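Peer 1: This is what each chain is made of:
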Amino acid sequence: MPIVEHSLILAAFLFVIGVAGVLVRRNAIIVFMCVELMLNAANLAFIAFSRTLGVDGQVFVFFVISVAAAEAAVGLAIIISIFRLRESVDLERFNILRW
Amino acid sequence: MADLLWWIFAALAVSGAVAMVMARNPVASLLFLVVTLFSLAGIFVLLEAHFIAAIQVIVYAGAIMVLFLFVIMLLNLGEQYRPDLKAGIWLVAGGVASGTLGWLLASALGASGVVGTEPAPVDRDVVGAIADPLFRDYLVPFEVTSILLLAAAVGAVLLAKRRV
Amino acid sequence: MSGFQPVAPWAIVLLPLIGFLVNGLAAFRAPGVKAIPTWVGPGVVGLAFALAVANFLGMSAADLHDPVVVSYWTWLPAGDLTVDTALQLDQLSLLMTLVVTGVGFLIHLYSVGYMGEDPGYARYFAYLNLFVFFMLVLVLGSSFALMFVGWEGVGLCSYLLIGFWFRDREKADAGKKAFIVNRIGDVGFLIAMLLIYVRFGTLDYVGVFEAAPAALAFGGATVTAICLFLFLGATGKSAQIPLHIWLPDAMAGPTPVSALIHAATMVTAGVYLIARASVLFALSPAASLVVAGIGVATALFAATIALAQTDIKKVLAYSTISQLGYMFLGVGAGAYAAGVFHLVTHAFFKALLFLGAGAVIHSMHHALHRTLSHDDPQDMRNMGGLRRFMPITWITMWVATLAIAGVWPFAGFFSKDEIIWQTAARAHGPYAGWYTLFWVLALAAALLTAFYMTRLMILTFHGANRTGEEERHHLHEAPAVMWAPLAILALASLAGGWINVPQAIGENALLGLVPHSEWLHEWLHPVTAGAQDVLAAHVGEPLRQAPVGGGEVAWAFVSFLLALAVIAGTSLYLRRRAVSPAAHAQAPRGFAKVLHDRWYVDELYDAAIVRPVVAASRALWRRVDQGLIDGAVDGVGRLSRGAGAAGARVQSGQTAIYAAAVVAGVLMLLGFVVLWTP
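The listed protein sequences correspond, in order, to chains A, B and C.
Using numbering that gives the first Met the number 0, you'd call the opening residue of the first sequence number 0 and step up by one each time.
Using numbering that gives the first Met the number 0, you'd call the opening residue of the second sequence number 0 and step up by one each time.
Using numbering that gives the first Met the number 0, you'd call the opening residue of the third sequence number 0 and step up by one each time.
Hints were generated in silico from the structure; no laboratory data involved.
For clarity, every value in this text was computed on a predicted model and none was experimentally measured.
Errors might be hidden in some of the hints.
[What the hints assert, rightly or not] Simulated DEER-style distance windows between Cβ atoms: (1) C:Gly-634 <-> B:Asn-24: 23 to 29 Å; (2) A:Met-0 <-> B:Gly-87: 35 to 41 Å; (3) C:Gly-641 <-> B:Phe-141: 52 to 58 Å; (4) C:Ala-660 <-> B:Arg-23: 23 to 29 Å; (5) C:Trp-675 <-> B:Asn-24: 40 to 46 Å.
[Claimed, not checked] Non-contacting residues of chain C with respect to chain A, defined by C-beta distances greater than 12 Å in every case (computed): (6) Ala-53; (7) Pro-66; (8) Gly-549.
Every residue gets a Cβ at the ideal spot worked out from N, C-alpha and C, and that includes glycine.
Isolated chain A, as found in the complex (with noise of 0.2 Å):
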């Protein structure tokens, strides 16, 4: 089966799904993880052209999982000051930066 295709297929689709849970959800961890969902995606469609194009591919994979690290480590740190500030993680709360 053409596998290159098909995964190309499946990354579209986990990046949606990725996109989805960006729009719905309120609680800001489960949002980032929503983001982290979709930078996978991203690296599935990396590693499938990789299959046939060459390993650059699989390079780039490389350094997009080592910068998820640390934004996600960022992201956290400022997740928890928020906390700290707020007593909680609701999105629609953290509104004051508005018109």
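Starting from the known structure of chain A, fit chains B and C onto it as the hints suggest.
Peer 2: Same frame as chain A, but now just chains B and C:
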């Protein structure tokens, strides 16, 4: 055989993702994501990216998700969770947007026509195949990423302290 | 004959302007210094009069035939139309100049006494000088355009002078009314000028009147239209029906102003206009009929109102309107010289009447002021028996009354009778019936004139004094600076008619007992010749016999005797009647009330014109200006703010909204790439 495995992994990944989005308990949500990550690692193996599959399990599922779990536990979100889906309009909007996006992506990726059918030649061992371009062609991004990780570590510590 | 050399005509016009500037400056910088306006005010007019006399002597010696146009610079070089700043010196304009500067000088002199205690003394003379300047521009201008400059200018000065005591709301309103009503007439003047330019290509008198008989068809639509529009302007300026309403209100101004502007000079501008454009009016019998008809109707109408007025100045105002009607009747009947003749004599006796009334009011005002009484110093019911206190004024005003009533040998007899006679003599050819009717109406109005003027004199000077016990002691004659002009004008009212005695009358044994000649007719002949030729060619010679009864001499006797009879009868009748002072007087009832209330013309205009216009203005202001226009402008502002506020809501601060925006953007981009391009 590989096909069947692929389908199993794919089904696991999708259901794990959907469950993650819909779960109410944040811990449950996280564990479902871990399931998805593991299935993706399996698919990576099927796509001949063994090293990356290992990295995925060790770093992503093993470190990053554990970090998430730490934070969830730290903030005591595992208990007393209330339903936190947004109001109906968001569900509709989310569904429509996602559907449209999915269709567009699928049509874009499915008709890309870029991919050939022959797997790329590999003339080194698994790790070496990645290490070579990483330390030769992509040396600069590699060094920059290490600095980035340093900055992230310092930043995370600073941000999460009680008093600066 | 040597040619006529004008003697500094520009100085005649400029001297009053210089007077205006000097007096105006004095009004601003040194309002308390009375010497400046006292000498400069009358002085410049006196000098202008002297120059006018010099020019007159030169012109009569030179036996001028064609007008002398002295051009100074080109004012309007506008494509095909060129209008120069030029003065036209001919018999008519010089005659008018003599009247304006002569009578004007006397009135300036009188004003030194009358306005002596007024704080606006310098301002008064500034305005009066400015008026004389504009009036001279009006009569000496060589084109319709220049006349119009003077026309508007005298309207402005009229407004300034009527509302001289502007702090009194009523007086200021009277000034406004005069100006606005004048403006309505001016529209007619402008349209006429437009038509003249379109037909003749020029606005200069010389160009237009020479070409007129050839360029315009006799009785044609164009010339009739031109004449009717010119007459519309004249009705506004000369207070004829339907634009007469401003003149009685104009009595709010100082009495010398009423004498100069609203008796002797400005209101006669309309008559001057028609006399000047006599060729055009001769070419249009229909328009001339309208002029004569409105003239005689106004004469009768105003005379009826004058019967029932109690304010001395109002009686004189309506008398002025009535006499102006006679002048228009004269020029409408083709007797241009007769109309101008009456203009001249009327200037004498009407100015005299107003100045005399001013002396009376001056005296009454002092008397009532002393006792702090609130009675009206102008109400004749508060007067009576003043001849004992003001003999000079009494005698001079009787001279004027006899003149205006048409008693031989005073001036009005000759001028008014000639107009009435010429109307009868025109009862031939087209519109014969109309002119016959006008003749009868004119006779009736003449009788009314004698009646109301006698009534004025009896109420004011004869009988018992009703001013009050205490006030009586303060009634006194006017100072010399005020009664000297009265005396001079009285002499003019007596002898002024002798400058134009028709031949038939002059040959009569009785009526010709005064020094006589047809001088004015001959003097004005070069100016009226064009019109006379047209009339002779198309309408025919005037009749020798009136439609009823005998010839000129017979009717002259009849009207003279009738006038005497009316005066005598009125005196006898009114002397017997007791008159109560104004405070205790009863309001008039019935027909007398209608006359007293001026036939309700003002009320009619108010209801039919003023109120709808004001209501429309208000509606336009509220609905269109405030509602639509302001609303649109404000609406744009509100729209911007609303759009801005709506746009600002995008910055909700909620990350989910931002994420949604990102997704939407990605959707659009991706959609574009996937669906549009490949």
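Peer 1: Next, verify each hint and record whether it holds.
Peer 2: Taking the hints in turn, this is what the structure says about them:
1. C:Gly-634 <-> B:Asn-24: 23 to 29 Å: violated (54 Å)
2. A:Met-0 <-> B:Gly-87: 35 to 41 Å: Since the Cβ atoms of Met-0 (chain A) and Gly-87 (chain B) sit about 39 Å apart, the hinted range of 35 to 41 Å holds.
3. C:Gly-641 <-> B:Phe-141: 52 to 58 Å: About 54 Å separates the Cβ atoms of Gly-641 (chain C) and Phe-141 (chain B), which means 52 to 58 Å holds.
4. C:Ala-660 <-> B:Arg-23: 23 to 29 Å: Once the Cβ atoms are compared, 27 Å apart, the range 23 to 29 Å for Arg-23 (chain B) and Ala-660 (chain C) holds.
5. C:Trp-675 <-> B:Asn-24: 40 to 46 Å: holds (44 Å)
6. Ala-53: Given a closest Cβ separation of 87 Å, the condition holds.
7. Pro-66: holds (82 Å)
8. Gly-549: Correct as stated: the minimum Cβ-Cβ distance to chain A is 103 Å, above 12 Å.
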